[in-house]
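Asks: Line order of the protein sequences matches chains A and B.
One point on numbering: in our numbering, the residue at position 106 of the first sequence is 106, and numbering is uninterrupted.
With positions in the second sequence counted from 1, the corresponding number in our numbering is that position plus 252.
Just so you know, these hints were derived from the structure itself, not from any lab.
Here the structure is a predicted model, which is why all the values come from computation and not from measurement.
Heads up, the beta-carbon is just placed ideally off N, CA and C, and yes, glycines get one too.
Be aware that one or more of the hints could be misleading.
Quick look at which bits of chain B chain A covers, simulated, 3 or more residues with Cβ under 8 Å [stated by the list, open to error]:
(1) 290-304
(2) 307-317
Ranges between beta-carbon positions, derived for each pair [what the hints assert, rightly or not]:
(3) A175/A to P270/B: 52 to 62 Å
(4) T190/A to A304/B: 16 to 26 Å
(5) G55/A to K326/B: 45 to 55 Å
Residue strings, one per chain:
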Amino acid sequence: MINPMDLAGRTVLVTGASSGIGRETARLISQLGARVVLVGRNEERLAETLRSLDGEGHRAELFDLSSADEIPRWLKSVTASSGPLHGLVHSAGIIKLCPLRVSTSQTVEDVMGINVKAAIGLARGFCQKNVRASSGSIVFLSSVTGLTGQAGLSAYAASKGAIIALTKALAVELAGERIRVNCVAPGLVTTEMGQGQLSLLTPDQGAALKSMHLLGFGSAHDVACAIAFLLAETARWITGTTLVVDGGYTAH
Amino acid sequence: MQKTEFLLLLDELLELEPGTVKGSETLESLEGWNSLAIISLMALMDERFGVALQPRRIAACTTVADLVALLDDKIA
Numbered sequence: 001m002i003n004p005m006d007l008a009g010r011t012v013l014v015t016g017a018s019s020g021i022g023r024e025t026a027r028l029i030s031q032l033g034a035r036v037v038l039v040g041r042n043e044e045r046l047a048e049t050l051r052s053l054d055g056e057g058h059r060a061e062l063f064d065l066s067s068a069d070e071i072p073r074w075l076k077s078v079t080a081s082s083g084p085l086h087g088l089v090h091s092a093g094i095i096k097l098c099p100l101r102v103s104t105s106q107t108v109e110d111v112m113g114i115n116v117k118a119a120i121g122l123a124r125g126f127c128q129k130n131v132r133a134s135s136g137s138i139v140f141l142s143s144v145t146g147l148t149g150q151a152g153l154s155a156y157a158a159s160k161g162a163i164i165a166l167t168k169a170l171a172v173e174l175a176g177e178r179i180r181v182n183c184v185a186p187g188l189v190t191t192e193m194g195q196g197q198l199s200l201l202t203p204d205q206g207a208a209l210k211s212m213h214l215l216g217f218g219s220a221h222d223v224a225c226a227i228a229f230l231l232a233e234t235a236r237w238i239t240g241t242t243l244v245v246d247g248g249y250t251a252h
Numbered sequence: 253m254q255k256t257e258f259l260l261l262l263d264e265l266l267e268l269e270p271g272t273v274k275g276s277e278t279l280e281s282l283e284g285w286n287s288l289a290i291i292s293l294m295a296l297m298d299e300r301f302g303v304a305l306q307p308r309r310i311a312a313c314t315t316v317a318d319l320v321a322l323l324d325d326k327i328a
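All chains, please: the whole structure from these sequences, using the hints.
Replies: Dropping the structure here:
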C-alpha cells in the first residue's frame, strides 16, 4: 500500500497554528509524517496544538506577523535550528465584517497587513538560501470572497483576491527555483473565526449563507486535506492555482 | 453614551440630516434601514463606544425606541 500524500522527511512551517485551519493543517500533516514548525502569537494555544501532533521533532515559535519586514531574518534564525523548510502554509488571517459606509483606511490596513503583507514577507523569507530545501511548496489561504462578491466584506475580499493574484505572480517568479505556489479558497468553515462571523449575522442572513453552501458549512479538516494535497508530491505538477474548497458555494 | 448621541449616530448611518431621527419612528419607515445597516450599526457601536450588540436582538427590534431599549444600561 502506498500513501501518495506521504510527507515523511519534510519540514513544514504553518502560521495561524494556534487555532482553526492552521491548527488542523498542522495536525493532519504531522499524521502524514511531516515535522511541523508552528507559528502563532498565543503561547498557551500553540503548546496545545504542539501536544496534539503525531510524531516527533515539531516546534512552536511565537511571532507577530504584523512586523512583516522582520520575517526574513526571523525565518533564518528559526531554520538555523529546525533545518530547511520544504513547505510553508500561511493560515494566519483576519476577517472584518464591515460594510462600505463604515470602512476606513484603518480597516484596510488591518486586514491587508496580516492577510497580504505577511504573505509576501513569508514568501520572501522562505526563498532565502538555507531557509528552504532544494524544492518547496507554498500554500496561501484565499477565500471564496476573493472569487465572488459578498456584502459587507470589501476589505477582506480585496485581500483574498490579492492572494490569488499573488499566488500566480509568485508561481511564475519562483518556478525556476523549484518552488510551487498555490492557494486554497474555502467557503465558510465552522472554526472559531467562522462561528464568529456567523454570530455577526441575523438569523435570516445566517440561513441564507448556509443554503449557498450546497454541502453545508465545511470543517477545518476539509480545508486541511486540500492544503496537504498541495504540499505533497500529489501536486508536483501544480503551481499558480487556486483550489476551491467550498461545499459548492461558487457552483451557482 | 447619551440617547441623543445614539440618535445622531443613526442619522449618520442612514445619511439623514442630523436631528432627523427623533426616537419614536418604526425602523421600517427609515429609508436605508436594511440588513447591511444592522451590520454597520454593530460595527460603529463597537468602534465608537466599545458596545457589542447581538444581531439577532437588533433584527428583533421594530422601532427606534426598541433599539434604545437594547442599549439599556449603556445609555444615559
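Asks: All hints, please: hold or fail.
Replies: Structure-based check of all given hints:
| no. | hint | verdict |
| --- | --- | --- |
| 1 | 290-304 | holds (count 7) |
| 2 | 307-317 | holds (count 4) |
| 3 | A175/A to P270/B: 52 to 62 Å | holds, 58 Å |
| 4 | T190/A to A304/B: 16 to 26 Å | holds, 21 Å |
| 5 | G55/A to K326/B: 45 to 55 Å | holds, 51 Å |
Checked against the numbered hints above, the structure breaks none of them.
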